[in-house]
Amino acid sequence: MTKSISLVLGANRATLSGPRSKQHRIRQNAKAFAGRLREAGFGVRKWTNISNKHFAAVARQMKGQGVGDGRIAEIFSAARHLCRAYGNTCISPTNGVFDVRRGSIANANSKAVAPEFVLGAIAKLETESSYEHGPRCAAQIRLQYELGLRREESAKVDLINDWDKEGSTLYIRYGPKGGRPRTLHNLSDRQQEALERALPYVSQSDRPGIHNLMPSGMGGKWQEKLSYAARLCGFTKKESGWTLHSNRHERFHRMYVAHTGFQPPNQHESLAAFQKAARDTAGDEWSRLDAEARDEIEVSAGHSPGRRDVSDAYLGRSR
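In the UniProt record's numbering, the protein residues as written are 1 to 319.
Treat the hints with caution; some may be incorrect.
Heads up, simulated DSS-like pairs for lysine-lysine below, C-alpha to C-alpha not over 30 angstroms straight-line [what the hints assert, rightly or not]:
| no. | residue 1 | residue 2 |
| --- | --- | --- |
| 1 | K238 | K221 |
| 2 | K63 | K165 |
| 3 | K111 | K124 |
If you're looking for bench data, these hints aren't it; they were derived computationally from the structure.
Taking the hints into account, I'd like the entire structure generated from these sequences.
Take a look at the structure:
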C-alpha cells in the first residue's frame with residue numbers, strides 16, 4: 001500500500017518560521033490537505049512531489065463536499081508553506097487557477113459576535129473565582145473586542161512601550177500576521193479604557209524589554225489558557241456559534257457603520273437589498289462612503305488599503 005503524504009509531517013520536519021502557535025496551525029492545516037489529497041485518490045509521499053494538479057484535485061474534492069473557498073484557501077496556504085519549506089517552489093502563488101476565490105460570496109453570513117454576549121462573557125471571567133487566569137483573559141478578550149486585535153496580538157501587545165496615551169495611538173508590532181506592524185490611531189475613550197484595564201496584567205516576557213499580557217515564563221502555552229477561558233464562558237463555535245475571532249469581525253462591523261451610517265452587506269439578505277438600503281441612507285454618496293470605510297478597516301486589520309478580499313471577508317461584498 002502506498003504511504004500517505006501525511007507521514008512526512010511526523011518525521012524529518014521542515015523548519016517553519018514564526019511563533020509556535022502559528023507553526024501548529026500550519027502543520028494542522030497541512031495535515032488536512034494531506035488527508036484531502038488521500039481522499040481524492042493520490043498517494044504522494046513527499047511535499048517535493050506535490051504539484052498544481054494535486055492542489056486542483058483537493059479543490060475539486062473539497063468543493064464537491066460543499067466546503068467554502070475561504071477554508072480551502074486556508075488549507076492551501078499551509079500546504080504552500082510546507083512545499084516551500086521542503087524546497088518545492090512550483091506551486092501557483094494564486095488560488096484563482098484552482099477556481100478558489102476567497103471572499104467571492106456576495107453577502108456571506110456575518111461572523112460578528114453580539115455585543116451583549118461578549119460583554120457578558122468578559123464580566124463572567126472578571127469575577128470567575130474557579131480560574132486563576134480568568135480576569136487576565138477577560139482583559140485580553142476586551143482588547144480583541146474594542147480594538148480588533150488578533151489573539152496573538154492581544155497577548156503580546158507591549159502596553160508600556162507602544163501605547164501612547166496622550167497621542168491616542170497603539171503600535172502593534174508583536175504577533176501581527178505576516179510580521180507587518182501597524183499603528184492604530186485616534187483611539188476612542190472605550191479603547192483607551194480597555195487598555196487601562198489591561199495594565200494590571202502586564203508582565204515582563206521572556207524577551208528583554210517587552211511587556212505583554214502573558215504571565216512571565218508562560219510563552220506559547222498561554223494560548224491554551226485563553227482557549228480554556230473561552231470554553232468556560234461559552235465563547236466557542238459549538239456552544240454559542242462564535243469564536244474569539246468573532247470579536248474582530250464585530251469591531252470592523254462597528255467601524256463600518258460609524259463611517260457610513262448604514263449596515264454592511266452581510267447584514268442584509270442580498271446584495272440588492274444592501275445597495276437599496278445604502279442608497280436610501282446616503283444617496284449617491286453610499287459608494288464613496290463604502291470605499292472609505294473599507295480602506296480604513298483594511299489598514300486597521302493589518303493589511304493595505306484596497307485589499308477588498310480582506311474587507312469582503314468581514315463585511316460581505318458591496319458590488
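Here is how each hint holds up against the structure:
1. K238 with K221: Given pair K238, K221 holds - Cα atoms ~23 angstroms apart, limit 30 angstroms.
2. K63 with K165: violated (48 angstroms)
3. K111 with K124: holds (22 angstroms)
The structure shown violates just one earlier hint, number 2.
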